[in-house]
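Trainee: The primary structure of each chain is shown beneath.
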Amino acid sequence: MDIPFNVKERPDTGLYNGKLGIWFFLASEVMLFGGLFSAYIFLRTGVDNWPAGTDYLDVPLATLNTLFLISSSVTMVMSWASLKLNDFKKYKLYTLITLFFAFAFLVVKYFEYSAKFAHNPPYLPSTNNFLGIYFTMTGLHVLHIIGGVLVIGYLYGPGSKMWNSDPERFTNRIEIVGLYWHFVDLVWIFLFPVLYLL
Amino acid sequence: MSEGHHKQSFWSKYIWSTDHKIIGIQYGITSLIWLLFGFALMAIMRYQLAYPGSPVPIVGSLLGEGGILPSEMYNSLGAMHGTIMIFLGVVPLAFGAFGNYLVPLQIGAIDMAFPKLNAASYWTYFLGSVIMVTGFFVPGGAANSGWTSYPPLANTATMGQTVWLLGMIMLITSSLLGSVNILVTVIQLRADGMTWMKLPIFVWTQFITAFLLLLAFPPLEAAGVLQLMDRLINTSFFMPSGLVVSGEVLQNAGGGSPLLWQHLFWFLAHPEVYVLILPAFGIVTEVIANNTRKPIKGYKSLVYAMIFLGFMSFVVWAHHMYLTGMGTTIGAFFQTTTMIISIPSVVILTALLLSLWGGSIRFNTPMLFALGFLPMFGIGGLTGLPLGLAAADIHLHDTYYVIGHFHYVVAPGTLFALFAGIYYWFPKLTGKQTNETLGKLHFFTSFICMNGVFMPMFVTGLAGVSRRLWDGGESYAHAAGVFQLNELMSISAWLLGVAQLFFIVNIIISLRSKKTGESNPWDATTIDWTDTTSPPLGHGNFDKVPTVYNGPYEYSVPGSKKDFLPQSQKG
Numbered sequence: 001m002d003i004p005f006n007v008k009e010r011p012d013t014g015l016y017n018g019k020l021g022i023w024f025f026l027a028s029e030v031m032l033f034g035g036l037f038s039a040y041i042f043l044r045t046g047v048d049n050w051p052a053g054t055d056y057l058d059v060p061l062a063t064l065n066t067l068f069l070i071s072s073s074v075t076m077v078m079s080w081a082s083l084k085l086n087d088f089k090k091y092k093l094y095t096l097i098t099l100f101f102a103f104a105f106l107v108v109k110y111f112e113y114s115a116k117f118a119h120n121p122p123y124l125p126s127t128n129n130f131l132g133i134y135f136t137m138t139g140l141h142v143l144h145i146i147g148g149v150l151v152i153g154y155l156y157g158p159g160s161k162m163w164n165s166d167p168e169r170f171t172n173r174i175e176i177v178g179l180y181w182h183f184v185d186l187v188w189i190f191l192f193p194v195l196y197l198l
Numbered sequence: 001m002s003e004g005h006h007k008q009s010f011w012s013k014y015i016w017s018t019d020h021k022i023i024g025i026q027y028g029i030t031s032l033i034w035l036l037f038g039f040a041l042m043a044i045m046r047y048q049l050a051y052p053g054s055p056v057p058i059v060g061s062l063l064g065e066g067g068i069l070p071s072e073m074y075n076s077l078g079a080m081h082g083t084i085m086i087f088l089g090v091v092p093l094a095f096g097a098f099g100n101y102l103v104p105l106q107i108g109a110i111d112m113a114f115p116k117l118n119a120a121s122y123w124t125y126f127l128g129s130v131i132m133v134t135g136f137f138v139p140g141g142a143a144n145s146g147w148t149s150y151p152p153l154a155n156t157a158t159m160g161q162t163v164w165l166l167g168m169i170m171l172i173t174s175s176l177l178g179s180v181n182i183l184v185t186v187i188q189l190r191a192d193g194m195t196w197m198k199l200p201i202f203v204w205t206q207f208i209t210a211f212l213l214l215l216a217f218p219p220l221e222a223a224g225v226l227q228l229m230d231r232l233i234n235t236s237f238f239m240p241s242g243l244v245v246s247g248e249v250l251q252n253a254g255g256g257s258p259l260l261w262q263h264l265f266w267f268l269a270h271p272e273v274y275v276l277i278l279p280a281f282g283i284v285t286e287v288i289a290n291n292t293r294k295p296i297k298g299y300k301s302l303v304y305a306m307i308f309l310g311f312m313s314f315v316v317w318a319h320h321m322y323l324t325g326m327g328t329t330i331g332a333f334f335q336t337t338t339m340i341i342s343i344p345s346v347v348i349l350t351a352l353l354l355s356l357w358g359g360s361i362r363f364n365t366p367m368l369f370a371l372g373f374l375p376m377f378g379i380g381g382l383t384g385l386p387l388g389l390a391a392a393d394i395h396l397h398d399t400y401y402v403i404g405h406f407h408y409v410v411a412p413g414t415l416f417a418l419f420a421g422i423y424y425w426f427p428k429l430t431g432k433q434t435n436e437t438l439g440k441l442h443f444f445t446s447f448i449c450m451n452g453v454f455m456p457m458f459v460t461g462l463a464g465v466s467r468r469l470w471d472g473g474e475s476y477a478h479a480a481g482v483f484q485l486n487e488l489m490s491i492s493a494w495l496l497g498v499a500q501l502f503f504i505v506n507i508i509i510s511l512r513s514k515k516t517g518e519s520n521p522w523d524a525t526t527i528d529w530t531d532t533t534s535p536p537l538g539h540g541n542f543d544k545v546p547t548v549y550n551g552p553y554e555y556s557v558p559g560s561k562k563d564f565l566p567q568s569q570k571g
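If you read the protein sequences in the order shown, they are chains A and B. Following the numbering used here, the numbering of the first sequence begins with 1 at its first residue and continues without gaps. Following the numbering used here, the numbering of the second sequence begins with 1 at its first residue and continues without gaps.
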């Protein structure tokens with residue numbers, strides 16, 4: 001028994017089930033991060049002196065991280081396109097580069113966080129609401145990155161066996177995780193100016 | 001994926017199933033148990049309200065010294081009653097159980113779009129609900145800051161509040177998975193010919209409900225994370241500067257805002273009201289169309305009114321916050337949107353009422369509950385109007401009037417609709433019929449008791465009795481004139497509990513009876529009745545997936561042989 005339109009597109013919607021599902025999931029993610037961004041605005045407008053991002057945060061490191069994530073988005077698309085062109089080797093290569101950029105992002109983030117904790121006096125979430133919302137939002141974003149790395153890593157390793165048995169479905173999976181990955185990048189594109197620059 | 005044909009063990013068939021029908025039943029049984037549990041908490045509270053300071057019979061020894069309900073525990077029971085009834089009871093029953101079981105059957109799908117996700121959604125809900133209730137066993141007892149968990153009170157409350165937040169995050173995750181599933185199923189898996197305007201109203205209501213759950217819940221998840229941070233690592237998102245608790249200045253950075261929580265909370269919790277009521281509209285529509293034997297009045301107006309209702313429900317949340325000092329300009333805006341949202345509700349209720357006109361009504365148990373729903377929801381809705389106007393709300397806010405209002409919407413409103421649905425689809429689930437006499441006894445006793453509980457609340461509320469008084473207002477002069485009504489309400493509530501025995505006994509007797517062998521006992525038109533056996537066999541629902549030709553309510557069609565024309569019948 002197979003659910004219809006699991007792999008093939010439904011003609012009148014032009015979508016297969018998983019793709020529509022991930023779009024709805026991302027819609028709810030927009031509301032999740034939207035809630036946090038609203039909280040940020042609410043907290044910031046509610047007090048007289050809100051610190052500038054540069055008082056606490058390292059803009060050059062964050063710029064580097066932005067570049068990492070944007071690059072990983074590009075390689076993510078390339079790995080999906082490679083599968084569409086039936087080139088499994090290139091898929092492997094581009095996915096490896098994507099994973100590399102994601103790891104680089106996490107390493108930079110690790111150094112950023114530890115610098116905050118090592119500062120004297122330490123910069124903690126409880127220090128003030130700017131740092132509180134900074135750690136909450138970037139922390140939630142890092143969790144999303146880690147989730148993405150796990151799934152992309154699975155599809156690079158054991159999950160890629162599906163290419164031999166059901167290539168179309170496997171390509172769909174890469175497209176879906178790609179949509180998620182672009183969304184996570186997009187969140188960072190908003191986080192970077194809001195927290196670091198404004 | 002499992003096939004219906006081979007033999008399966010009990011565990012893989014009923015516990016770890018990915019079949020939407022089994023998952024629907026799992027949701028149904030779990031949520032009914034939680035409803036009973038939530039009711040029991042309230043029954044204990046009502047003893048304290050009727051006879052303040054007297055030892056509670058039967059369960060007294062569990063509560064506190066001398067069997068008297070302590071005031072801290074009263075707060076816990078109140079907070080947990082609200083949480084359990086809404087998040088563990090009514091929503092999983094209306095959306096999880098009915099939606100899961102019926103939506104694929106009504107649109108001609110062999111299962112939900114993502115069966116494994118569906119099972120994950122149930123088990124996340126199950127886990128979340130268990131976590132929620134373990135709050136009773138941690139030091140300080142369960143969450144005791146009201147079901148709304150307003151900070152700063154909730155931030156400084158005992159450990160139960162942390163458990164509440166963790167449970168809530170699980171429940172939110174569960175409803176996210178469930179709503180994505182319903183949305184994709186309805187969009188992608190409709191059978192051939194099942195166009196949008198041929199969908200049964202029930203499917204429309206589930207579809208809109210899924211949108212509300214998908215988009216309204218995440219901000220509460222954000223708020224829950226922020227409150228967890230406040231409680232566990234001492235951030236100050238909801239804590240203003242210089243807050244003094246028990247004579248001591250709190251050691252935190254300050255600068256936060258309790259209002260922020262209220263905005264994020266009500267951004268969920270107002271759409272949540274429509275999550276509670278929309279599936280009820282859907283069930284009542286199906287039952288009324290079937291039992292008046294005529295098409296529903298104004299199918300398209302119903303659909304458009306419900307879509308508009310869903311949309312508007314996102315822009316009315318701050319009418320819960322008129323008294324918070326958020327400012328009169330914002331108040332005026334939300335007062336206007338609140339008045340606007342009452343229009344589609346009236347359209348829906350009017351369409352259902354007009355549908356009765358000229359019908360040859362069959363007064364069976366599901367129909368009685370559906371008919372009971374109409375005036376009860378009417379009372380609940382109309383009493384909400386004064387609360388939506390800021391000036392009137394100043395007097396009524398946080399009184400028993402509010403309690404009466406939303407209980408009329410949810411208890412004799414939504415719950416009656418859900419009972420109608422249970423009686424109506426019981427033959428589908430089991431192939432057996434419920435007992436009509438017991439069903440009617442259940443309806444009439446519940447109907448009287450419901451009004452006995454909630455009608456006096458309007459009186460005490462107008463007198464100004466606050467909703468969270470441990471002694472029911474005994475020590476307040478302004479409550480003296482109405483205090484004795486508490487006894488009437490409490491006795492009605494306990495009798496209401498007894499009346500549910502008719503339901504429980506009925507279900508048990510009916511489950512033990514013989515199958516009727518009829519697959520469409522109500523002569524219904526929708527394909528859940530006409531194209532599957534009762535109960536539907538195995539995984540896959542249909543022997544042959546039907547093609548749809550007609551609208552959902554083709555009753556008494558002129559020139560037709562029978563008085564109903566199934567959706568899947570050409571002609």
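Keep in mind the hints are simulated off the structure, nothing from the lab. Fair warning: there could be bad hints in the mix.
Said to hold, decoys possible - Derived pair list, reagent style EDC-like, types lysine to aspartate or glutamate, alpha-carbon separation capped at 20 Å:
#: 1; chain 1: A; residue 1: 8; chain 2: B; residue 2: 192
#: 2; chain 1: A; residue 1: 161; chain 2: A; residue 2: 29
#: 3; chain 1: B; residue 1: 13; chain 2: A; residue 2: 166
#: 4; chain 1: B; residue 1: 198; chain 2: A; residue 2: 166
#: 5; chain 1: A; residue 1: 19; chain 2: A; residue 2: 29
#: 6; chain 1: A; residue 1: 90; chain 2: A; residue 2: 166
#: 7; chain 1: A; residue 1: 116; chain 2: A; residue 2: 55
#: 8; chain 1: A; residue 1: 92; chain 2: A; residue 2: 175
#: 9; chain 1: A; residue 1: 109; chain 2: A; residue 2: 9
#: 10; chain 1: A; residue 1: 84; chain 2: A; residue 2: 2
#: 11; chain 1: A; residue 1: 8; chain 2: A; residue 2: 112
#: 12; chain 1: B; residue 1: 198; chain 2: B; residue 2: 518
#: 13; chain 1: A; residue 1: 90; chain 2: A; residue 2: 29
#: 14; chain 1: B; residue 1: 544; chain 2: A; residue 2: 2
#: 15; chain 1: B; residue 1: 116; chain 2: A; residue 2: 12
Trainee: Honestly, which of those hints from before does the structure not fit?
Mentor: Hint check: 2, 3, 4, 9, 10, 11, 12, 13, 15 fail, others pass.
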